[in-house]
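Colleague: Chains E and W, in that order, are what the protein sequence lines are.
Take the first sequence: its position 407, counting from 1, is numbered 407 in the working numbering, and each next residue is one higher.
Take the second sequence: its position 441, counting from 1, is numbered 1441 in the working numbering, and each next residue is one higher.
A hint or two may mislead.
Listed below are the simulated SDA-like cross-link pairs for lysine to any residue, each with C-alpha atoms no more than 25 Å apart in a straight line [to be verified]:
id : chain 1 : residue 1 : chain 2 : residue 2
1  : E       : Lys177    : W       : Lys1555
2  : E       : Lys3      : W       : Ser1516
3  : W       : Lys1337   : E       : Pro450
4  : W       : Lys1337   : E       : Ala478
5  : E       : Lys161    : W       : Asn1209
6  : W       : Lys1515   : E       : Pro314
7  : E       : Lys161    : W       : Pro1332
8  : E       : Lys3      : W       : Asn1318
9  : W       : Lys1564   : E       : Ile128
10 : W       : Lys1515   : E       : Gly129
11 : E       : Lys287    : E       : Pro314
12 : E       : Lys131    : W       : Phe1475
13 : W       : Lys1337   : E       : Asp17
14 : E       : Lys177    : W       : Gln1210
15 : E       : Lys246    : E       : Gly129
16 : E       : Lys131    : W       : Leu1513
17 : W       : Lys1323   : E       : His481
18 : E       : Lys177    : E       : Gly129
19 : W       : Lys1323   : E       : Ser189
20 : W       : Lys1555   : W       : Val1594
21 : E       : Lys161    : W       : Asn1318
22 : E       : Lys131    : W       : Glu1496
23 : W       : Lys1202   : E       : Glu125
24 : W       : Lys1515   : E       : Glu125
Hints in this document: simulated from the structure, not taken from any laboratory.
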Amino acid sequence: MSKKITIYIENRPYEVDDGQTILQAAKKCGFNIPSLCTWRDGKCSLASCRVCLVHVDGARGLVPSCAYPINDGMHILINDPQAVTARRTSVELLLSNHYFDCKSCNKEGHCELLEVAHIVGARPEQYIGAKTDTTLDEVAPGIIRDTSKCILCGRCIEACKDAQGISILGFENRGFKTVVGPVQNRSFSEVPCIQCGQCTLVCPTGALMEHSSIDKLDKAFADKKLVIVQTAPAVRAAIGEEFGEKIGTTSTGKMVAALHRLGFYRVFDVNFGADETIVEEATELVKRIKDKVPGPMLTSCSPGWVNYIEYYYPELISHLSSCKSPHTMMGATIKSYYAQKHNIDPKNICVVSVMPCTAKKFEITRDGEAVDGNPDVDIVLTTREIARVIKRSGINWKSLPDEQFDDDLIGDYTGAGVIFGVTGGVMEAAIRSAYYFITGKELEPVEFKPVRGFAAIKSATVNIAGHDYNFAVSSGMANAHKLLDEIKEGKSKYDFIEIMGCPGGCINGGGQPYVNPAFLPNEDPDILDTYKEKRAAVLYREDEGRPIRRSHLNPDIIRLYKDFFGEFGSEKAHKYLHTHYNANREKFPKIK
Amino acid sequence: MVELIKSEALLDKKIATCVDKLDKKFSGQDGMRHIVVCGGTGCLSSESKEILEELERLIKEHNLEDKVSANVVGCFGFCSQGPFVKIYPEDTLYHAVKVSDVAKIFDEDIINHKVVTELLYEDPNTHERIQKQDDINFYAKQKRIVLHGSGTINPENLDEAFGNHSFEALKKVLHMTQQAVVDEVLASGLRGRGGAGFPTGKKWQFALNQVNEQKYVVCNGDEGDPGAFMDRSILEANPVNVIEGMMIAGYAIGARDGYFYVRAEYPIAVIRLKKAIKELEEVGLLGDNILGTKFSFRVHLRLGAGAFVCGEETALLNSIEGKRGMPRPRPPFPAVKGLWDKPTIINNVETLANVAYIINHGASEYSKIGDADSKGTKIFALGGKVKNVGLVEVPMGTTLRTLIFDIGGGIVNDKKFQAIQTGGPSGGCLTEADLDTPIDYGSLIAAGSMMGSGGAIVMDEDNCMVDVAKFYLEFICDESCGKCTPCRIGTKRLLEVLTRITNGNGSMEDLDLLKSLASTIKTGALCGLGQTAANPVLSTLAKFYPVYVEHVTDKKCRNGVCKKLITYNIDPNKCKKCSMCARNCPVGCISGVVGKEAFKIDTKKCIKCGTCMAVCRFGAVYKK
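All chains should be built: construct the whole structure from the sequences, respecting the hints.
Modeller: Here is the structure:
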């Protein structure tokens, strides 16, 4: 328990916990001090934006409330005229070096700069002058960087360091020429960026965004393709937020209804693909264990994570499961089995994946994500993008009915597939099937809770047929690298490790809706601490509600293998459902 | 084989031997004559190295090695008059020596014991030739505590440092408690010489209070103010004294490691510092169990890559850690959480150079120097339009008038004094009215400037103060680290407004904008550099507001500096029709007929380069 101390804001006393910054303490006392470089209520790129300046008695000059610690008896004036002017000036200065193409900016209603400008009463033309030279990086498939919108708050720098520990972003140049970007102001594709998109979640403006593929979707429709959409499990847990639903609302039915109304030929659930992944991956695991291949085996369904291992631990690639990720497995199945059965030319099919992820946009361009020259998936849209498409189409979310995913030869899914969207889910789903593959009996109870939750590293031991198997789960590379170092040093005790690129797994993916309390007036004040659990709960609820909760029991899967692939892990399954990796990715390729 | 100095007795012996030797060197009791040559950066660039080599060659040629010696010494400080050659025991000082003068000095003085009068410094007012350094006006009013040893001892010879009583203070300190050392420094009244002027003892006390196995002392040698070179000279002249100061600081706060952060642009300082560190390690005065005590201390050297902001202490820490040099918010202060998050004190070179003196002479003696507000001395890099340019060490409380007119010798060409900028780009301009201000921390701030690290640039009537403000702002804009908004964008906007004004496009609203934006930058920027970035604007606005107004309303620059606001013209009555101006005009905009018709400047074509004015021997060209 931290000590209670008294602080004074505008001369009124408040009792608060010691050890906080002024910004945090003031928030608990009911004051929202505007700020741009702070996010998640405490994490801050260290007092760079100067938008949260307040007066503190005895301090030299004004102090940044985001970084300044409170102490007992401190007198704080938020409304001090000098502080009010300074906050406004900081914003006005930022505006003077900002390009106002708000109408075409995909940040739309989520721009914190605009919001803060309103709050502090910034006059847009108070300062006029030259603008810093800009860079627009649209090379990487996953994320784009447009420095014309950057306010150099540095949040992305901290987020990259925080989530992935790789610090791709940093300050470049000096003075007015300073920009935030990868080293040498390179493109994301010319540095070892894993394209996880965590930076896009914290960017207050439109400087860092997913690389939009909406134009490609429009073209697919215009080309009269048979456009089939499939959505990842994590999307349903968050898409409602884009339409004003409270965080943690299950939006599966409305999302499917919206997609139907957009004119997609079929609306499938990637959970079917997840079930495919589980039977393939569990089969691979059992085989590796049987063949005494040195463990542990590592999951491969998170493309950010796959990028990471290729760049930073290429010597461990042999540990990576050769399974494609669920959506590309499903894409490959649609373009083969499904197309054959329906007598459709696969070239006429356009598979669109709606994903919580920016790295998936990169993943579909990988070598090995196509069969016979036919890409498994043609377009990846993030949750945020599909929401934009829905809004653009005039669909009234509130009035949408709940509709079911299409089940047309494929598409039925189990509860095991649903929980893929949260850290630990793949592991739990795999254990459910691996247990059966080894023992011939079903794991009871079906839930395997030790791998749930958001701890940095979760581990569990399961006794299967008299043998103890060790499992570990981690998400975010800043956490995962410890497990990888253990493998490298030959000290890993694990048989199987699930790793997700984004902290918390796909529910917190780089393509998910922004969680920003400033724009969520109806959420609890602690929403930044709870949103991941709330989104995860959606998936666990859906798992509980599914009649079948084990992938190997999915009737569509059983039929698919009987009719098409043969055995789990068969040669044919390998052709369509497995991929390969590149241990020789150049971290800093020469700039052409 | 190097002798180890691992006990007090050995150190005492060593110092006694070296003091005796050095005394004899200066007094001539060793029966030799000694030539010393300035080896400061300024003189080295004027071939003082070649001068020394020539002297050495002549000594050898005449087989005088056992009768005459020659060696390098640190900066004499009177840089505009260098290179200096001094001969002991007569104490004859030759100035502005060229390689071609060496033979003469050697023949006349060394061989024939006759002073070379024409190489002696000539007083600009009395035109008297002065033989001894201390009789020169420039030196007469100085008090050289920190610079003691500069211009006398060989910075590359450890024995001469001992001869100058180095390490006596450390020896004394090792018998004191840590608290007693901090108290002594606190009682001396020593304040940081790097700019902010924070009491050094207080800083040490904060760090001493921290309980931590690992603490650090950092010496800030990232001197970046335009025109400032105090720290460079100190390090070049007497590196051992600074190392000793750092060791005393380390002992006081309980640190075992010290870091020197020196700009890479100071190669000579770096070489000498490296050599001193290496030699001290060899004799065991740096390392484990110094003088047989429990005190262990190591010194590390880090070179800065030239960013001005790295002189800011928290940016400097980041830079040492290998990160981009960007300031950290405070609190936590470095004394609590500094280098690698350990308690750290950061002291400027000049601050540390005072420490041994304080310990040796006692706080009470030290605090007698200076005035009520500030104790000790301060070194200034006196520059600009002053006659005597160089490094000056004066007791606190000396007036600006003494600095500029006595020590500095007044304004070049006896023009009118307009202002003095103290504190570098973070400081402010002081005017005629402030000339009797005593130089101390409080008085300078009260007068609207600051002590800063010791830049002192004198401006005469040919300087436009708006242009001066613009110059400093350009510097700040280039050097801003880019982290915080007010400094990154705010200073750029200020510069744009100033550019508008000096181009004749300013408005009265611009003046209000300047003032309000500059004030906001001052209160709102992240670090000390940002907070003071607008000072040149604020101080010139305060002291030269009418000049700003003239630029705006009359589109006139009374000092004839702002090119867009002036025209060059030729007075037909003074023109001798010689065509000199027309022949030198780079754009051919001057026309006339030689001997017949006065020349005229086509002001539309004129690029205002000033060549015509410079070449006209009759003063016919004037600015308007």
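Colleague: Hint by hint, note whether the structure agrees.
Modeller: Tested hints:
1. Lys177/E / Lys1555/W: Judged against 25 Å, a Cα distance of about 31 Å means the pair is violated.
2. Lys3/E / Ser1516/W: violated, 41 Å
3. Lys1337/W / Pro450/E: Roughly 39 Å between the alpha carbons, so the hint for lysine 1337/W and proline 450/E is violated.
4. Lys1337/W / Ala478/E: Holds, at roughly 24 Å.
5. Lys161/E / Asn1209/W: violated, 33 Å
6. Lys1515/W / Pro314/E: violated, 57 Å
7. Lys161/E / Pro1332/W: Given pair lysine 161/E, proline 1332/W holds - Cα atoms ~21 Å apart, limit 25 Å.
8. Lys3/E / Asn1318/W: Since the Cα atoms of lysine 3/E and asparagine 1318/W sit roughly 32 Å apart, the hinted pair is violated (cutoff 25 Å).
9. Lys1564/W / Ile128/E: holds, 22 Å
10. Lys1515/W / Gly129/E: OK: lysine 1515/W and glycine 129/E at ~17 Å, within 25 Å.
11. Lys287/E / Pro314/E: holds, 23 Å
12. Lys131/E / Phe1475/W: Between lysine 131/E and phenylalanine 1475/W the Cα gap is close to 18 Å, so the pair holds against 25 Å.
13. Lys1337/W / Asp17/E: holds, 22 Å
14. Lys177/E / Gln1210/W: violated, 40 Å
15. Lys246/E / Gly129/E: violated, 42 Å
16. Lys131/E / Leu1513/W: The hint holds at about 19 Å.
17. Lys1323/W / His481/E: Distance of about 22 Å is within 25 Å: holds.
18. Lys177/E / Gly129/E: holds, 14 Å
19. Lys1323/W / Ser189/E: Measuring from Cα to Cα gives roughly 24 Å; hence the hint holds.
20. Lys1555/W / Val1594/W: Between lysine 1555/W and valine 1594/W the Cα gap is close to 35 Å, so the pair fails against 25 Å, i.e. violated.
21. Lys161/E / Asn1318/W: holds, 16 Å
22. Lys131/E / Glu1496/W: Roughly 11 Å between the alpha carbons, so the hint for lysine 131/E and glutamate 1496/W holds.
23. Lys1202/W / Glu125/E: violated, 46 Å
24. Lys1515/W / Glu125/E: Holds, at about 17 Å.
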